[in-house]
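If you want the building blocks of each chain, they are given just below.
There are 2 protein chains.
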Amino acid sequence: MQIIQANNYNVEIGNLMESSFSKLLSEYSDVKKLILVDENTQEHCLSYLITSFDELSDAEVVVLPAGEENKQLGIVGNVWEMLTEYGITRHDLLINLGGGMISDMGGFIASCYKRGFPFVNIPTSLLSMVDASIGGKTGVNLGHFKNQIGVFNNPIALYIDKSFLATLPDHEIKSGYAEMIKHGLIHNAELFDRVMEMMRTNPNEIDVQLLMDCIQVKNSVVTQDPTEKGLRKILNFGHTFGHAIEGHWMERGGMTHGHAVAIGMVMEAKLSELRRMISSQEYDKIENAIIQQYEMPSYSDTDIDAMIALMSNDKKNISETVRTCLLDTIGKCSFDHVIGNAEMKEVFRFFQKN
Amino acid sequence: MQIIQANNYNVEIGNLMESSFSKLLSEYSDVKKLILVDENTQEHCLSYLITSFDELSDAEVVVLPAGEENKQLGIVGNVWEMLTEYGITRHDLLINLGGGMISDMGGFIASCYKRGFPFVNIPTSLLSMVDASIGGKTGVNLGHFKNQIGVFNNPIALYIDKSFLATLPDHEIKSGYAEMIKHGLIHNAELFDRVMEMMRTNPNEIDVQLLMDCIQVKNSVVTQDPTEKGLRKILNFGHTFGHAIEGHWMERGGMTHGHAVAIGMVMEAKLSELRRMISSQEYDKIENAIIQQYEMPSYSDTDIDAMIALMSNDKKNISETVRTCLLDTIGKCSFDHVIGNAEMKEVFRFFQKN
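Order-wise, the sequence lines are chains A and B. Going by my numbering, the final residue of the first sequence carries number 424, and the count climbs one at a time with no gaps. Going by my numbering, the final residue of the second sequence carries number 424, and the count climbs one at a time with no gaps.
Hints may contain errors.
Identical copies carry no separate label here, and so any pair may be met within one copy or between two of them.
Unchecked claim - Straight-line Cα separation of at most 25 Å, BS3-like style, residue types lysine-lysine; simulated pairs:
(1) Lys93 - Lys299
(2) Lys415 - Lys303
(3) Lys102 - Lys303
(4) Lys299 - Lys102
(5) Lys423 - Lys103
(6) Lys103 - Lys299
(7) Lys232 - Lys402
(8) Lys103 - Lys244
(9) Lys355 - Lys299
Calculated directly from the structure, the hints in this document are not laboratory data.
Same shape as in the complex, but just chain A (with noise of 0.2 Å):
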């Protein structure tokens, strides 16, 4: 069992049986379990968590419907109908099953009933593994506005079991390969070398140690600032984009927040070349990296100004300012950039095919 220390609790990854998930569940042997699942994860992921820890096996289980445009408010109040019809106390604790849709959630429904009671995150997906559930983000999105209404707060424990990624399609393992790509951009040029050697050679056996050096970089910089009054806004590269993108393709079936990181990566890369941040020679080598992997998007020009609309009201502008993370090197990331819309209709411009 590996261990890392991130805000007052610890990230344990290895094998959930050999965890002190057990030893945790046996101190709240008293309250009520609630164990938080999608659809997938109630099939995929449930049972095994059920039947391997018998403390749970008269918890209550709330399944919510999978996909991004049900992490609603709505989904969120009838959650908290139910826990009060469960009379659940702010003594109890909930475990969030799931990806980063799940502790996304789940954290929320946790910190904000009765002012907060306990939660537990085990991320069966790549993205909530390497990402999503560390760091202490909760929320749901307000319409198109991704993650708009939420709060900082921490689980007390995190498990990380690579086993769920066999759970997972193909196009989920490759959502959570663009959040560890991102964090060898903006801090570790090696890192983003190994993770796209891993990519393309075998992207389902993914190494301990290559996901452990993933979490370090997100938990070091989510440590030094949990509630992102500075550094912690690295972490957004390729996120100014990439949020408009997903938004938008929400209405057309949807793309998955890593793909559509990947390809805001992209576009944040190509503006940091053409502001001479990063050389041309630089930007080619991520370019190619990238959309190798992740197909860019078709648009049009009505989706451009719809696009550029969404990422005028994003959390991190100040009054009403857009402002992205560009990069000074590969394994190098600067924020607070103002960016203009001339600027951004350059870039989608760009990459628009005809």
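Once you've looked at the hints, dock chain B against the given chain A.
Leaving out everything else, chain B in the frame of chain A:
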């Protein structure tokens, strides 16, 4: 200007025009200001605020429908959509101008919008000045369950100007006195006598020193235990029965929070006497003082059953046992006393009118 140091912010008591509010606004001159009011404070307090501070001349004003029945998640959701439309970012400023409902809802709105942006409380009701606006509790009701959804979070500043009290009807002043009575009963027997004396003689010309002393009790408790792990629970004296009464009365035209808490305090004092924690003399003193000011409501056996059901879902409970505060003497309170349905029924029956 009197200043009390709270958790990471100051409580200033005195004329708002002479407080640090003007300086604070100048520090926020570059960002959007939002003022949250309800229909009452829109009518009676808003123009004073806007005309007194130039920096607020172009503030957006959000008006909520008045009344506890509107302290609901759906309304908070509407406000979040409004803030999104206004393009509010996490660097902007919310000013809560109103009673406890406004500071509770506004605090929650600001705490969760884009994972939190700063807010200031300017309480306009006595209840809010001595209680609700202090201590970081924010939230909304979920159906009949009071403050079921919320977070702990503090304003960046709190300004108490008693001139706003002139805008209040008498029953609202009375509602505020109930929490002042509570501060005396749980912490300071002499303060209890002073509060009752002022209430009997000149309730509308409340003494600033008395206001200060009551705020000090609340502030001292919440700074010692901000998230209610232990000591802070004594502030719930009167609220186990009081919340059930208030919740139950919602359907029949409503009862002020203070009125319900005053009745709840008499009931919990009765329970303290039944358990021989306080003497009959002490109990009689409390009952006589409070019942003279707050009418004991009439209720049926069916009402009793409904109120007991509400008490079973109180936030303070651990694994379905109902816990309450009881008095050790006038001026001292203890918490986490487990009470059963038979005892609740006995107390409700004692005060039942034929």
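Hints versus structure:
no.: 1; hint: Lys93 - Lys299; verdict: between (35 Å within a copy, 23 Å between copies)
no.: 2; hint: Lys415 - Lys303; verdict: within (23 Å within a copy, 56 Å between copies)
no.: 3; hint: Lys102 - Lys303; verdict: between (37 Å within a copy, 22 Å between copies)
no.: 4; hint: Lys299 - Lys102; verdict: between (36 Å within a copy, 19 Å between copies)
no.: 5; hint: Lys423 - Lys103; verdict: neither (51 Å within a copy, 42 Å between copies)
no.: 6; hint: Lys103 - Lys299; verdict: between (35 Å within a copy, 20 Å between copies)
no.: 7; hint: Lys232 - Lys402; verdict: neither (28 Å within a copy, 54 Å between copies)
no.: 8; hint: Lys103 - Lys244; verdict: neither (32 Å within a copy, 42 Å between copies)
no.: 9; hint: Lys355 - Lys299; verdict: neither (31 Å within a copy, 54 Å between copies)
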